[in-house]
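A.B. asks: Here is how the chains run, residue by residue.
2 protein chains.
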Amino acid sequence: MQKTPKSLRLHIGLFGRTNVGKSSFLNYVVGQDVAITSHIPGTTTDVVEKPMELLPLGPVVFLDTAGLDDASELGALRIERTKKVFDRCDVLVLLTEPEAWGGYEDEVLAEARKRRIPVVIVVNKADTRVPSADFMESLRRRSSRVLSCSCLDRQGRDPFVHSFKAQLIEICPEEFLHPPALVGDLLAQDKLCVFIVPIDKEAPKGRLILPQVQAIRDVLDGGRGVVVVRESEYASCLKNLRTPPSLVVCDSQVVARMVEETPPEIPCTTFSILFSRSKGDLDEAVRGAGVLDQIQEGDKILIAEACSHHAIQDDIGRVKIPRWLSQFKGFDVPVEVCAGKDFPENLKGFRLVIHCGACMFTRREMLARIERAREQGVALTNYGVAIAYLQGVLSRVLSPFPSALLVYQETAGTPQQH
Amino acid sequence: MQKTPKSLRLHIGLFGRTNVGKSSFLNYVVGQDVAITSHIPGTTTDVVEKPMELLPLGPVVFLDTAGLDDASELGALRIERTKKVFDRCDVLVLLTEPEAWGGYEDEVLAEARKRRIPVVIVVNKADTRVPSADFMESLRRRSSRVLSCSCLDRQGRDPFVHSFKAQLIEICPEEFLHPPALVGDLLAQDKLCVFIVPIDKEAPKGRLILPQVQAIRDVLDGGRGVVVVRESEYASCLKNLRTPPSLVVCDSQVVARMVEETPPEIPCTTFSILFSRSKGDLDEAVRGAGVLDQIQEGDKILIAEACSHHAIQDDIGRVKIPRWLSQFKGFDVPVEVCAGKDFPENLKGFRLVIHCGACMFTRREMLARIERAREQGVALTNYGVAIAYLQGVLSRVLSPFPSALLVYQETAGTPQQH
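Those protein sequence lines, which keep their order, are chains Y and S. Using the UniProt record's numbering, the letters of the first sequence map in sequence onto residues 1 to 418. Using the UniProt record's numbering, the letters of the second sequence map in sequence onto residues 1 to 418.
Think of the hints as simulated: they come from the structure by calculation, not from any bench. Just to be clear, a hint being listed does not mean it is correct.
Copies of the same chain look alike in the list, so a pair counts if it fits in one copy or across any two.
[Claimed, not checked] In silico SDA-like links for lysine to any residue, alpha-carbon gap of 20 Å or less:
1) 205 <-> 223
2) 205 <-> 173
3) 50 <-> 221
4) 239 <-> 190
5) 114 <-> 81
6) 191 <-> 243
7) 191 <-> 238
8) 191 <-> 241
9) 341 <-> 374
10) 191 <-> 232
11) 205 <-> 181
12) 239 <-> 188
13) 50 <-> 318
Because the structure is a prediction, the values reported are computed rather than measured.
Working from the sequences, and respecting the hints, build out all of it.
C.D. replies: This is the structure in structure tokens:
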């Protein structure tokens with residue numbers, strides 16, 4: 001993931017007076033020693049770029065500044081360089097400490113406002129001196145996003161980092177939440193791909209469901225062509241292509257049949273898995289699916305749908321997934337279904353959340369849900385990943401995604417999968 | 001068109017007392033002697049089925065009954081047979097004459113209501129005796145659809161037939177307005193078809209426009225597969241197919257390029273033309289396009305859109321068609337644009353109406369517009385037909401439609417087309 005192009009990383013400017021603890025803060029967030037930590041003022045002699053994965057948000061890079069208020073010998077040059085950080089950052093973290101708000105902080109905030117860069121204020125060193133209610137109130141008048149933290153508090157680290165990431169998910173520009181491609185990056189030039197689209201009761205009359213339309217559009221945007229076909233015509237359609245397709249994608253409901261009819265050298269996956277990657281976090285979903293092996297009698301599963309559609313007779317979330325679950329486990333697994341905005345605040349009663357592809361969601365909304373589950377220590381997977389897992393074909397349909405496949409191989413110790 | 005299966009013809013039960021003029025009425029509507037006409041009571045000795053084309057509605061069959069009130073020797077049998085007409089008719093025309101409403105008429109109306117068969121009441125012989133206001137009022141209390149006619153009035157025939165057809169379009173069951181296939185009937189088994197979908201400013205972000213989605217769905221419903229591709233990848237995609245496609249369909253905006261790149265033995269057309277056939281009347285649209293040759297300076301054209309979408313910079317109706325029109329004619333053709341429900345009642349100021357594909361309309365709505373134009377003697381064509389005509393490729397893109405091609409060959413006397 002270090003190979004993510006810089007432009008696709010969320011650039012987070014980290015501002016704060018000398019010695020407010022920027023490097024310690026970075027270490028605290030990352031949970032490992034990645035930045036220089038020191039108590040000597042001005043150790044960080046230049047803008048330090050620290051790329052990292054901040055899941056589920058994805059790749060970010062912190063731009064650790066030396067502070068605009070520095071007065072040491074190299075100050076002029078450092079101020080110059082620090083100002084350039086404003087040009088490059090997508091969001092800004094302004095680190096301060098209790099009762100220490102002043103001209104510097106106001107200046108940073110004003111510059112950020114002028115440039116419309118969203119800001120999170122973090123009051124550091126909340127352990128050494130509890131910030132007064134008046135002080136916190138004055139900060140909240142300046143910004144709706146104020147957190148406090150203590151970098152020495154190891155126990156408080158997880159809750160803080162979750163809140164911090166939740167803030168970043170809310171404020172970061174849309175383009176960092178929308179990876180450029182749903183499927184386009186998986187396709188080879190001068191090859192077609194194939195989409196297998198079953199026409200069942202869930203398909204709206206005379207239309208296609210949204211994820212399929214979105215995926216077709218993404219193929220076209222990428223300058224490729226796509227064969228759209230039902231599962232019953234798939235085999236004969238394959239024979240009609242001179243060059244094998246670069247990718248086959250099916251609706252999860254026919255994944256077993258697709259795997260059976262697809263030559264092993266052709267990568268294949270499902271629409272839902274494409275969406276898990278694009279709107280959510282495929283690696284996490286694969287990890288989450290591993291929990292299916294550990295489900296025991298009495299464990300409860302939450303089926304979560306992004307939109308509240310009219311449930312049909314053979315509904316995928318309400319009927320089919322529960323049925324496949326019971327077949328897989330050999331006992332009835334109690335399932336609760338939530339739809340639309342009803343995603344519970346408290347997920348702790350559930351062993352696992354199985355979420356739909358979220359085609360109707362912005363990535364921001366889906367990431368917020370993933371973060372909520374993560375914060376509460378509840379595993380979350382996705383319809384497509386779960387269905388492929390339950391049907392024993394997950395590794396096959398992860399073939400287009402090396403990193404997720406690796407996660408799968410690390411997670412799945414059981415021989416149930418092939 | 002006599003080959004249309006019976007079940008796809010709208011069955012119109014024609015009821016009325018002996019000698020109210022059912023056979024004359026039929027002749028009047030058809031405009032030719034197709035039914036037995038006689039003044040001797042009871043000439044029509046059995047239910048006579050008279051199939052005909054009632055454009056733009058399509059194929060209908062009149063079931064001409066002998067009357068439930070008949071008292072002659074063969075009466076019992078005839079009443080039996082007549083009653084069976086109720087089982088078979090989709091809509092019902094009840095013919096009466098001035099001041100002659102009675103038990104028979106009430107009985108027919110009651111039976112129709114019981115069976116939920118929609119009824120049009122027609123007061124015949126309005127020439128021999130002008131129906132009183134009271135009489136007409138009493139009929140209107142019984143039904144919202146009351147017309148009067150005189151089968152001897154040759155001049156009044158056209159307006160009457162237009163009103164009569166407008167009533168039938170309003171009351172006939174949906175299935176007779178929705179032909180089963182948009183494109184599915186044009187495709188061969190074990191062959192793919194190709195849809196060329198340009199991605200321009202009109203394409204909604206991350207989606208496809210509705211007619212394309214509807215067409216893809218129709219292909220799948222028919223058990224065929226479709227290659228979806230942009231115009232820039234079309235040629236290379238064609239080479240990738242072992243069997244040539246059974247049909248190629250493109251967006252009208254790239255019709256010239258499609259025709260150029262499609263081998264002559266492969267049928268091809270445009271989405272808009274598919275919709276003209278499905279929602280409207282392709283033959284009529286081809287006839288309408290012929291008017292383009294006759295447009296003279298000062299003639300006005302109405303561009304009609306079914307939905308009021310936000311007009312974009314290079315809008316097809318507002319910018320592109322007017323531009324192609326001017327290029328075709330060599331002078332500026334004044335164009336008026338109406339969108340959504342604003343289709344004018346009075347079309348007489350226009351030489352021609354060019355209507356969009358009406359993918360958002362029911363067929364009923366589109367047929368009502370076609371009928372309105374026809375009634376006022378104003379030609380109506382469709383975006384796709386007009387564009388193909390203006391670009392000199394109409395005969396090529398009518399290749400999948402033999403009857404429309406015939407109309408074209410009859411209409412287009414000019415050598416401008418190839």
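A.B. asks: Could you run down the list of hints and mark each one as holding or not?
C.D. replies: Now for the hints, and whether the structure bears them out:
In the homo-oligomer, the alpha carbons of residue 205 and residue 223 lie at most 20 Å apart only across protomers (15 Å), although the nearest pairing inside one protomer, at 29 Å, exceeds that limit. For a Cα distance limit of 20 Å, the shortest separation of residue 205 from residue 173 across copies, 18 Å, qualifies, whereas the shortest one inside one copy, 36 Å, does not. Taking CA atoms no more than 20 Å apart as the test, residue 50 paired with residue 221 passes in neither setting, with 33 Å inside one copy and 53 Å between copies. In this homomeric assembly, residue 239 and residue 190 come within 20 Å of each other (Cα to Cα) both inside a single copy, at 17 Å, and across copies, at 10 Å.
In the homo-oligomer, the alpha carbons of residue 114 and residue 81 lie at most 20 Å apart inside one protomer (19 Å), although the nearest pairing across protomers, at 86 Å, exceeds that limit. Proximity of residue 191 and residue 243 under a CA criterion of 20 Å is satisfied in both settings, with 7 Å inside one chain copy and 16 Å between copies. In the homo-oligomer, the alpha carbons of residue 191 and residue 238 lie at most 20 Å apart both inside one protomer (12 Å) and across protomers (11 Å), since each shortest distance falls under that limit. Taking the shortest Cα distances, residue 191 and residue 241 sit within 20 Å of each other both inside one copy (9 Å) and across copies (11 Å).
Taking identical chains as interchangeable, the C-alpha atoms of residue 341 and residue 374 lie at most 20 Å apart only when both belong to the same chain, with a minimum of 19 Å there against 51 Å between chains. Within a single copy, residue 191 and residue 232 get their C-alpha atoms only as close as 22 Å, which misses the 20 Å cut-off; across copies the closest is 14 Å, which meets it. Taking identical chains as interchangeable, the C-alpha atoms of residue 205 and residue 181 lie at most 20 Å apart only when they sit on different chains, with a minimum of 13 Å there against 28 Å within one chain. With identical chains, the CA atoms of residue 239 and residue 188 are at most 20 Å apart both within one copy (19 Å) and between copies (16 Å).
Taking CA atoms no more than 20 Å apart as the test, residue 50 paired with residue 318 passes in neither setting, with 44 Å inside one copy and 52 Å between copies.
Of the numbered hints given earlier, the model fails hints 3 and 13; all others are met.
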